[in-house]
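Taken in order, these protein sequences are the chains called A and H. Here the working numbering is used: the first residue of the first sequence is 2, the next is one more, and so on. Here the working numbering is used: the first residue of the second sequence is 835, the next is one more, and so on.
Some clues are possibly wrong.
Computed list of lysine-lysine pairs in PhoX-like fashion (alpha-carbon distance at most 20 angstroms, straight line) [to be verified]: (1) A/101 with H/1210; (2) H/1107 with H/875; (3) H/952 with H/875; (4) A/110 with H/1247; (5) H/1211 with A/101; (6) A/110 with H/1211; (7) A/110 with H/1210; (8) A/227 with A/19; (9) A/101 with H/1247; (10) A/4 with A/55; (11) A/227 with A/246.
DEER-style ranges, computed between Cβ atoms [said to hold, decoys possible]: (12) H/1051 with A/115: 56 to 62 angstroms; (13) H/1194 with A/56: 52 to 58 angstroms; (14) A/109 with H/975: 55 to 61 angstroms.
FYI, nobody ran anything at the bench for these hints, they're computed from the structure. A quick note: this is a predicted structure, and the numbers were derived from the prediction, not measured. Glycine included, every Cβ here is placed at the ideal spot set by N, Cα and C.
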Amino acid sequence: MIKIENLHASINGNEILKGLSLEINAGEVHAIMGPNGSGKSTLASVLAGREEYKITEGSVVFNGDNLLDMEAEERARAGVFLAFQYPVEIPGVSNINFLKTAINEAREKEGIGPMSAKEFMSKVKKASSLVELDGKLANRSVNEGFSGGEKKRNEIFQMAMLEPKLSILDETDSGLDIDALRIVANGVNTLKTEENASIVITHYQRLLDYIVPDYVHVLYQGKIVKTGGKELALELEERGYDWIKEESATLNV
Amino acid sequence: MNAFEKQDFSFDADFSIAIREKAVQKIKALDFPTSKTEYWKYTRINKIVRASFSPFFTESVAEINLSAPSKNCLVFINGYFMADLSWTEAKDRIHISSLSEAKNNSASLQEKFDSLTKQDEIFAQINTAYHQDGAFIHLERNANLEDPIYVFHITDGSDVMATPRNFIHLEEGSQAKVVIKTISTNTSERCLVNLLSEVFVEKNAHLEINKIQDEGNYKYQIATEQVRQEGNSYFKINTFTLSGELVRNNLNISLNGEHTETFLNGLYPLKGKQHVDNHTYVLHREPNCVSHELYKGILDDTSTAVFNGKVYVHQDAQKTNAYQSNANIVLTDTASINSKPELEIYADDVKCSHGSTTGQLDEEALFYLRARGLSKKTAKAVLVNAFAADVIEHIGIEAVRNEIETYIDNNYKGIA
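Here chain H stands alone, though its shape is the one from the complex (with noise of 0.2 angstroms):
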């Protein structure tokens, strides 16, 4: 932690310090969770704990491909803002721009910033007390900006700690479309980014994000989401683990108004010893809302993943309609996944489902695509990408669909 401490926040809003003070007297009184953690049972974060990163300036980074096809991307290296390498639109009644530049002059950002932050989880403190900088997005009443809007989380070092921050807020009937993707440049190792975002989706506002994480090996991240829906709204995640060493996801969202939507997509394909975990909490407040929930793993090698959703109903929710799905592939006998789908329904009138499956590949299929002369490994590739296909048909922009993919297909074309 004390690389942290060191860290010089006077540049920041009053208002920011304040916070910050505050978060960081929350983190004397928490610990970091063990596996006696109900909520970490299944992810062993001692790499992490015993671990020493520090926080990392730098500007250059060679090699990275930022293919951002749109009028809006920002850039972030270890958490901190690349004016140079990001570019956005002006446009009125829309305002992107860094974190720490829209703390200065945003009235949006400081009546609602950290309001939404957990206020007994050790890392999203500590991303309150320690972080950075981030992607500030706000889409003032009936802003529609169609065109996506791109953020890079980029780490590059070694024992690197990034500590990024978003914030979104669109307000009543605005829409927007949001591709986060993390990614590592090739010559870091050992990086750890805690990463946070609160996002706020207000009356008939519409918003999807797609989250792509791929920062390769021996990474470690810790990404919350907080978003919290007011009536009529409709909100869509689509959460793509491509890469990264131990990655866990903290999705908690809330339906603060009625007829709200909500998609939850999740999609992990796993490889090498890779572990994830992905948890999520949908909060049925208010009656008449729906949530749909689809997660998918695929494992191979080695590697492990979680998946512990949780959709609690509350007594005044009726007519609440949830479902929820996870679905898993094991590829080989030595790959594992702990799946555990929860419903906890306090009202009486409700429409509310989960499953969890996890197998292998169909035989029967199988057999059938090669009886038909499909060699075994096209065979089995083609229904790998049959099996992430529906959660790939989510992905609202058609270029982060293509990407995903082109990856699915380029690295299932050879499992034996």
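With the rest of the complex left out, here is chain A (with noise of 0.2 angstroms):
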């Protein structure tokens, strides 16, 4: 589904990601793990199209796209989803109505009329319940006034109503309770299908226990130094990060 090679990125004159390697089948769920600084939210930015990172080098090819070549917006159409780590509130733009936005225009581009007023409001009836949202979400603003939790919870409902094929979740799980967790957990693993593909960013192994990954990788200094199963994710955990420093220390020697 995406293949990123030798990818590097940089920001303000400083480079964040150094040779960055990746590739994701539909059916599979990424983890991507490692300390502060290392470039995860970064890979998550360059992916969705922030035009502040400048690629220096390498490729991302998305179903057969070079995704780099793209605008934010084409990306999202073209089946790209971020969760944000920090969702913007914008007062005054109604929830509902700009995913109707986003997602007729998208059929526009595709050359299918709008979805029917029916159809779009049974959509968002069954993605706000999938996320306990019920009636939270009608009238009113993009996450205007939400909590921590209702913004992340937000997110997956946004996810739920735009099906993508490549969920990019970035830090989705920082400042969560536990229910609200669970409740995340819940959408994203109801989301997933064979079509599908997800990239679960975080710090911390909490949210792996809810969504269980096919791989976990470890990003270090803007390049994934180790990857491994689900039990990657619990030895990190148990055992910190030095010692990925120390390893991948003595592999830079």
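The task is to assemble the complex, starting from two chains supplied on their own in separate frames and drawing on the hints.
As structure tokens, this is what we get:
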């Protein structure tokens, strides 16, 4: 589905990603873990199309297309979804209406007419009950006045509405209490199919008790330095990241 | 000035002629403001002062769409009353007519006319001296008009100066909503409208004015509202400046009784080289009054705007609650705003605050919307609409609210 090769990205002249490679197939869940500052969020931002990052080397191919050539909105319409680490509040913009606009703009690009109001509303109903936000989203501005947990649940709600092929969850677990974590994870698991894939970026193993990954990658100093199964996450939880850093240092000598 | 002096006002009521003559004398002692005049610092009016405008009477206007879903609509062209284009509903204790007609038969008008006009403002004095006509709205005690009253001031012709004058008087306990629209015909150019409205809101009365300024290119407008509110009254004015090359609004509100509520809202979505200057002044004379001000600007191209809002709290005006906010979105590097919210407070137990923000569209919000698949254009339009929404929602007349919403929607679909 997506193939990232030797990706180098920098911001304000600082190179953050230094040759990252990763391949993800449909139906897979990949966890990316790593200490603070290793480049986890940069990877999410670069894939979603944030313009402030400069790609200096490497390629990202998404379902046969060069992802790096696409605008953020084109990536979204092609099926890339970023669940934001810090979802922004947008006063005055209706949560439901902007999603309707998003869905219909995407349909227009594909030459399909707008979704019927009935179909849209039934989708809203289903998606909001999935993240237990029933009735909390109607007539509300995007994330305005939402608690941290509600914002993250709203991200998953939007994911359910847009049905992406590749979801990137950027530290979706940070700041969540256990109930919200359970709701978010249940949403992600319910949306999982054989046709879509997820990248779960997290600092802690906790989320991976609920969203079980097929692969765990450790990102350190802008590169993936270790890949394993779900047991790697447990090992990291127990031992911390220092041994990874040491191992990586030894390799680099 | 010569062209005005030639106007024949002999038809006018005696008391009004006397007031005109006094104003003519006052004008002689006043100068037009320059860039050194603090009150006009950021608005250059050379273009207006140097041009030669004349009054122009015409009755025939084509292609003007007067949409007024109401039983009361007064239409003026270049300041003159158009009886054939106007309609009113006869109703007990409610008087709606042209100002000229009222000058001959309204005791309210004869008593109060010109009592609020600022003596040292040259455009106000010019209006007093040379006004043609305007709307007269008088609600007697406890009269209630649910239907909004529409007032159209239309300019037509070239190099025309229209000098309309409105008078609104709500007696104790009465209630009304007014829409004042200044527009022009497609063929008119280089016109100046110098509009003055005197507004009296008595005890417990409730008035909402929606002022829509949409005269198009090459039009200049100076609009002044002099408002006096008595105890427990409610007054709201929403000012929408949609077009016009140079527009200056002078909104002066005096709170003369306790427990009044006042709302001043404004929205100026500007394009091209428009210049719009909003000066507001709220005078808290008495205790326990609330004033709430919200002005928002969207500045595109090389447009410029000025906001100068002053709240003056007299030493007797304890427990004043005054809030003032001016927010601007600047869409280009070439548009600019001078924003100056001012509080002058002489009472010691008050709750007053003000704020002014100017910036571009929120980049983070823009990215968020794009990351969900909205094109850059649509995302910008969505944010502009949202920005304007909290001013628009103050409009208490659904048809007007829809009109302004549609205007914003249509005008920001294609911003780059």
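Here's how the hints hold up against the structure:
1. For the given pair, residue 101 of chain A sits about 16 angstroms from residue 1210 of chain H by alpha-carbon distance, which is consistent with the 20 angstroms threshold.
2. A threshold of 20 angstroms between alpha carbons decides the hint, and for residue 1107 of chain H with residue 875 of chain H the separation of about 18 angstroms falls inside it, so the pair holds.
3. For the hint linking residue 952 of chain H to residue 875 of chain H, the alpha-carbon distance of about 19 angstroms falls within 20 angstroms, and the restraint holds.
4. Our distance criterion of 20 angstroms between C-alpha atoms is met by residue 110 of chain A and residue 1247 of chain H, whose separation comes to about 17 angstroms.
5. Proximity of residue 1211 of chain H to residue 101 of chain A is assessed by CA-CA distance (about 16 angstroms); at most 20 angstroms being required, the pair is judged to hold.
6. With a C-alpha separation of about 15 angstroms, the suggested pair residue 110 of chain A and residue 1211 of chain H falls inside the 20 angstroms cut-off, and the hint holds.
7. Annotation: proposed proximity of residue 110 of chain A to residue 1210 of chain H holds, straight-line Cα distance about 14 angstroms (limit 20 angstroms).
8. The hinted pair formed by residue 227 of chain A and residue 19 of chain A meets the criterion: a straight-line CA distance of about 15 angstroms does not exceed 20 angstroms.
9. Annotation: proposed proximity of residue 101 of chain A to residue 1247 of chain H holds, straight-line Cα distance about 16 angstroms (limit 20 angstroms).
10. Simply put, residue 4 of chain A and residue 55 of chain A have alpha-carbon atoms about 19 angstroms apart, close enough for the 20 angstroms limit, and the pair holds.
11. For a cut-off of 20 angstroms, the pair hint linking residue 227 of chain A to residue 246 of chain A stands: about 11 angstroms separates their Cα positions.
12. The supplied range of 56 to 62 angstroms is broken by residue 1051 of chain H and residue 115 of chain A, whose beta-carbon atoms lie about 36 angstroms from each other.
13. The hint said 52 to 58 angstroms for the Cβ distance between residue 1194 of chain H and residue 56 of chain A, and at roughly 25 angstroms that hint is violated.
14. For residue 109 of chain A paired with residue 975 of chain H, a C-beta distance near 58 angstroms keeps the hint of 55 to 61 angstroms intact.
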